[in-house]
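Engineer: This is what each chain is made of:
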Amino acid sequence: MSRQTSRLDAKKVNSELLTLTYGALVSQMLKEIDNPEDVNKQLERIGYNMGVRLIEDFLARTPSTRCLEMRETADKIQQAFRLYLNMQPVVTSWSSAGDEFSLVWDQCPLSEWVEMPNNGLKYCALIPGAIRGALQMVQLDVQCWFVQDLLKGDPITELRVKYIKRLEDAVPAGED
Amino acid sequence: MSSSRSKSSILDKPLSKGKGEVSLALYALLFSEIVQYCQNRSHSINELQTKLSEMGYDVGTRLLDLYFVRERNSKREIKLLNMLLFVKSTLWKVLFGKEADKLEHANDDERTYYIIEKDALVNKFISVPKDKGSLNCASFNAGIIEAVLTNGGFPAKVTAHWHKGTTYMVKFEDMVITRDKGLDDR
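Quick mapping for you: the protein sequence lines, in order, are chains G and R.
With the first letter of the first sequence counted as 1, position 22 gets the number 33 in the numbering used here; the numbers rise by one all the way through.
With the first letter of the second sequence counted as 1, position 158 gets the number 159 in the numbering used here; the numbers rise by one all the way through.
Rather than coming from a laboratory, the hints here were simulated on the basis of the structure.
Positions of the beta carbon are idealized from the N, C-alpha and C atoms, including for glycine.
Take the hints with a grain of salt, since some may be wrong.
[What the hints assert, rightly or not] Some, not all, of what chain R presents toward chain G, calculated at C-beta under 10 Å: (1) Ser10; (2) Gly19; (3) Lys20; (4) Leu30; (5) Ile35; (6) Gln37; (7) Met56; (8) Tyr58; (9) Asp59; (10) Asp109; (11) Phe141.
[Claimed, not checked] In silico DSS-like links for lysine-lysine, alpha-carbon gap of 25 Å or less: (12) R:Lys133 / G:Lys22; (13) G:Lys23 / R:Lys103; (14) R:Lys103 / G:Lys163.
[Unchecked claim] Label-pair distances were calculated between CB atoms; the ranges are: (15) R:Ser45 / G:Arg56: 18 to 26 Å; (16) G:Val149 / R:Arg112: 49 to 57 Å; (17) R:Arg77 / G:Met148: 21 to 29 Å; (18) R:Ser128 / G:Arg82: 19 to 27 Å.
Use the sequences and the hints to build the structure in full.
Structural biologist: Put into structure tokens, the structure is as follows:
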């Protein structure tokens with residue numbers, strides 16, 4: 012590839028481009044899909060698809076080894092937020108069993124300039140989807156949901172992540 | 002607008018400087034999902050490109066004022082050529098980190114201009130399937146240009162084509178050309 016004379020790092024893009032592109036997608040979906048609940052589901056699905064592929068990029072870029080407990084996993088997720096969204100959520104509110112925690116932030120490139128319709132839309136549903144997808148690729152089954160959301164008037168956004176189970180390696184279909 | 006609202010509205014916040022950066026990998030994956038979403042809802046390449054362009058239009062509409070306020074001291078362009086240069090240079094540079102490669106005027110039609118970009122950022126990780134050779138996902142960018150020009154007072158249709166990389170064909174309405182000539186005469 013030819014040398015780039017770019018103002019931005021070649022591996023980066025302007026965050027406003029992401030903000031507006033995501034906004035365009037969500038508003039288009041709201042126009043085309045009647046039930047906001049279905050929009051949430053589809054956004055989660057889109058996030059999942061992205062997470063499934065993003066994890067490889069993450070493993071390639073960071074010296075990550077297998078996490079032995081959820082606290083390590085939480086650190087990695089936090090690192091991924093910094094790497095991909097250039098934001099720094101705080102990991103907090105651990106359950107006593109150590110299998111459930113919250114990611115908390117008050118600023119996110121996805122939710123800049125957003126005014127929410129009052130219809131139960133989960134604007135950032137992409138993020139829990141991506142976490143679920145990425146962790147599934149490293150054999151972790153987790154559940155993710157929003158406890159608080161800035162866009163809905165809460166002071167912060169809180170995303171809860173709960174460990175469900177370890178996935179066993181399965182032979183891909185048709186390869187036995 | 003209404004004071005009854007508990008939280009401050011987005012208009013109360015200061016405008017960011019726009020220096021934030023996020024990962025290209027993330028953006029590329031999001032864009033790929035957008036293309037798939039549009040593809041699932043269209044029956045032809047044309048329809049798919051129209052949908053991508055509509056999404057771009059949505060983005061462009063929001064960029065126009067933002068960039069004129071931030072990059073140009075709130076002064077809009079009124080000359081056609083300057084407006085095109087704004088798109089080619091300022092807009093592209095801020096949005097994609099580099100200027101578009103070329104701006105050309107069609108020899109045979111004074112309403113038509115071409116903005117040429119060798120490697121469009123959105124096409125970086127897209128390989129077009131053989132049976133859809135004419136598909137250019139930079140239609141999304143074409144939508145951005147169309148919105149910026151049209152909302153800026155230079156109504157035009159913009160389409161993306163495979164030619165020297167990606168060429169955005171900008172076709173202005175007649176009145177734009179007539180008005181611009183009028184400005185020259187003064």
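Engineer: Does each hint hold? Answer for all of them.
Structural biologist: Going through the hints against the structure:
1. A distance limit of 10 Å between C-beta atoms decides the matter here; for Ser10 of chain R the minimum to chain G is near 7 Å, and the interface restraint holds.
2. About 6 Å separates the beta-carbon of Gly19 of chain R from the nearest beta-carbon of chain G, less than 10 Å, and the hint is met.
3. With its C-beta approaching chain G no nearer than about 9 Å, Lys20 of chain R sits inside the 10 Å limit, and its interface hint holds.
4. With a cut of 10 Å, the hint placing Leu30 of chain R at the interface with chain G holds, because the nearest CB-to-CB distance is about 4 Å.
5. About 5 Å separates the beta-carbon of Ile35 of chain R from the nearest beta-carbon of chain G, less than 10 Å, and the hint is met.
6. Checking Gln37 of chain R against chain G by beta carbon gives a least distance of about 8 Å; that is within 10 Å, so the hint holds.
7. Satisfaction of the interface hint for Met56 of chain R is found here, the shortest Cβ-Cβ separation to chain G being roughly 4 Å, below the 10 Å cut-off.
8. Because the closest C-beta pair between Tyr58 of chain R and chain G is about 8 Å apart, less than 10 Å, the hint holds.
9. Annotation: interface hint on Asp59 of chain R holds; nearest CB of chain G at approximately 4 Å, less than 10 Å.
10. The closest approach between the C-beta of Asp109 of chain R and any C-beta of chain G is roughly 32 Å, which is over the 10 Å cut-off, so the hint fails.
11. At its closest, the beta carbon of Phe141 of chain R sits 8 Å from a beta carbon of chain G; the interface hint therefore holds under the 10 Å criterion.
12. Taken as a hint, the Lys133 of chain R and Lys22 of chain G pair is broken in the structure, with Cα atoms around 28 Å apart against an allowance of 25 Å.
13. Annotation: proposed proximity of Lys23 of chain G to Lys103 of chain R holds, straight-line Cα distance about 23 Å (limit 25 Å).
14. For the suggested pair Lys103 of chain R and Lys163 of chain G, the alpha carbons sit about 45 Å apart, so the restraint of at most 25 Å is broken.
15. Remark: the range hint 18 to 26 Å for Ser45 of chain R to Arg56 of chain G is upheld by a beta-carbon distance near 24 Å.
16. In this structure the supplied range 49 to 57 Å holds for Val149 of chain G paired with Arg112 of chain R, their Cβ-Cβ distance being about 55 Å.
17. For Arg77 of chain R and Met148 of chain G, the hinted distance range of 21 to 29 Å is not satisfied, since their beta carbons lie about 48 Å from each other.
18. At roughly 40 Å, the beta-carbon separation of Ser128 of chain R and Arg82 of chain G lies outside the given 19 to 27 Å, and the hint is violated.
The structure is inconsistent with the numbered hints 10, 12, 14, 17 and 18, although it conforms to all the rest.
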